Amino acid sequence: MYVLLQFILDSGFDWLAEQDPMALLLASSALAAGIAMIGRIGTGIGQGYAAGKGAEGAAVNPKSLRQTTFVMLLSQAVTETSGIFCLVIALLLLYANPLLGSAGTVIVLVASTLAVGLSMISAFGPGVGQGYAGGQAVEAVSYRPRFSGPILRIFLVGQAISQSKVVYALIIALILLYANPLI
Amino acid sequence: MDVTDIQINTYMTLNDMPFITNTVVITWGIALLLFALSILTTRRMKAVPGTLQLFMELIIEGIHWLVDKTMGSDKRNFAPYMLALSLYMLIANLTGLVVVRQPTADLNTTFALAAITFVMVHFNGFRMKKLRYIKGFFEPLPFMFPLNIISEIALPISLSFRLFGNMLGSLIIMFMLYHFAPPLAPIIGHAYFDVFAGVIQTFIFVMLTMTFVSLAME
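Protein sequence lines, in the order shown, are assigned to chains A and B.
Going by my numbering, the first residue of the first sequence is number 1, and it counts up by one from there.
Going by my numbering, the first residue of the second sequence is number 184, and it counts up by one from there.
If you're looking for bench data, these hints aren't it; they were derived computationally from the structure.
Note that the coordinates shown come from a computational prediction; the quantities given were computed from them, not determined experimentally.
Backbone N, C-alpha and C fix where the C-beta goes; we use that ideal spot for every residue, glycine too.
Just to be clear, a hint being listed does not mean it is correct.
Sample of chain A residues with no beta-carbon within 10 angstroms of chain B, all distances over it, derived [to be verified]:
id, residue
1, L24
2, L31
3, M37
4, A77
5, A160
Sample of chain A residues with no beta-carbon within 12 angstroms of chain B, all distances over it, derived [stated by the list, open to error]:
id, residue
6, F7
7, L74
8, L91
9, N180
10, I183
Calculated cross-link-like contacts (lysine-lysine; reagent style DSSO-like; alpha-carbon spacing at most 30 angstroms) [to be verified]:
id, chain 1, residue 1, chain 2, residue 2
11, B, K258, B, K318
12, B, K312, B, K258
13, B, K252, A, K63
14, B, K318, A, K165
15, B, K252, A, K165
16, B, K313, B, K252
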């Protein structure tokens, strides 16, 4: 391990300095677009949990299957909105990265572009959290279908609070892209 | 749909600041629509309602039911504002269906709406509880005051950016679908990104407003 590190340091980053600045920026955009999509892991886990709870609800109370399915699909769709932010940032980086045209130190521009992608990883947490809340709502509805109204209201508001965290990540990403104070 | 539809077009400036943009123009349109609708429904009200009057009565019954359930029936005087807010936001979110830039995909609109909620929360909290409300900021311990202030400021920011982010996302993805997807594919996109996301985000915004206002008043 140490030898490998020494080798990398010895060979240096000369190749990096030889690259065209524009090519470096484009490469960092591509990397950041990929990194941004990592946040979708959480959405997947959350939606899978809600689906599992839906299957459980179908076994517990087959009579109210339609209500259980409705709540499951609703919770999954609301969970999806956290993942949509990742998708939006990835598409912005791919098709309309505003940092490409701006003047500034190349290393700062490259770091900002990468940071845009990195910040969107935080969609992981809200994805899991929203999916968990949705799964619990599905279970609650399958046990007590008569109270689906209050359950739905409470879980939608709670999911919205949980989503605030990825909203803050989106704010930072948009600031880095459109109103970067560092360049 | 063109690239110019994604950007905010400024038609008139005042002191080098955007003054009349397409957001403002569409908001005027929605306001006129709501104005005309309320005049048309209430001009000749009958004991046995016609179709339009019946429809509007259903909407008002619905908002009364929601306010009663969420805030308690003693706070029904908030129902008119909630109705206006939800109707405006619903129509604004659904304008994406006719390939117009949604006014709610502009941070100025969503932040204005969230600022109204912010003022409502604190004005009503102070009106109901007076000094006890101020004291609430110093709880559980006095040195928590800055943290409480930050969490209060986070409320309008998260409210406005949630709506803005969702609507901007639907705008950008619909633009992509119109350009790079086969014909008729945008229909599915409209169903999810405009109709579903628009209705859910309206519901969440109104529900959060009602919850925070009634929490501050208790």
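How the hints compare with the structure:
no., hint, result
1, L24, "holds (25 angstroms)"
2, L31, "holds (20 angstroms)"
3, M37, "holds (14 angstroms)"
4, A77, "violated (6 angstroms)"
5, A160, "violated (5 angstroms)"
6, F7, "holds (43 angstroms)"
7, L74, "violated (8 angstroms)"
8, L91, "violated (6 angstroms)"
9, N180, "holds (17 angstroms)"
10, I183, "holds (21 angstroms)"
11, B:K258 <-> B:K318, "holds (24 angstroms)"
12, B:K312 <-> B:K258, "holds (15 angstroms)"
13, B:K252 <-> A:K63, "holds (27 angstroms)"
14, B:K318 <-> A:K165, "holds (28 angstroms)"
15, B:K252 <-> A:K165, "holds (28 angstroms)"
16, B:K313 <-> B:K252, "holds (26 angstroms)"
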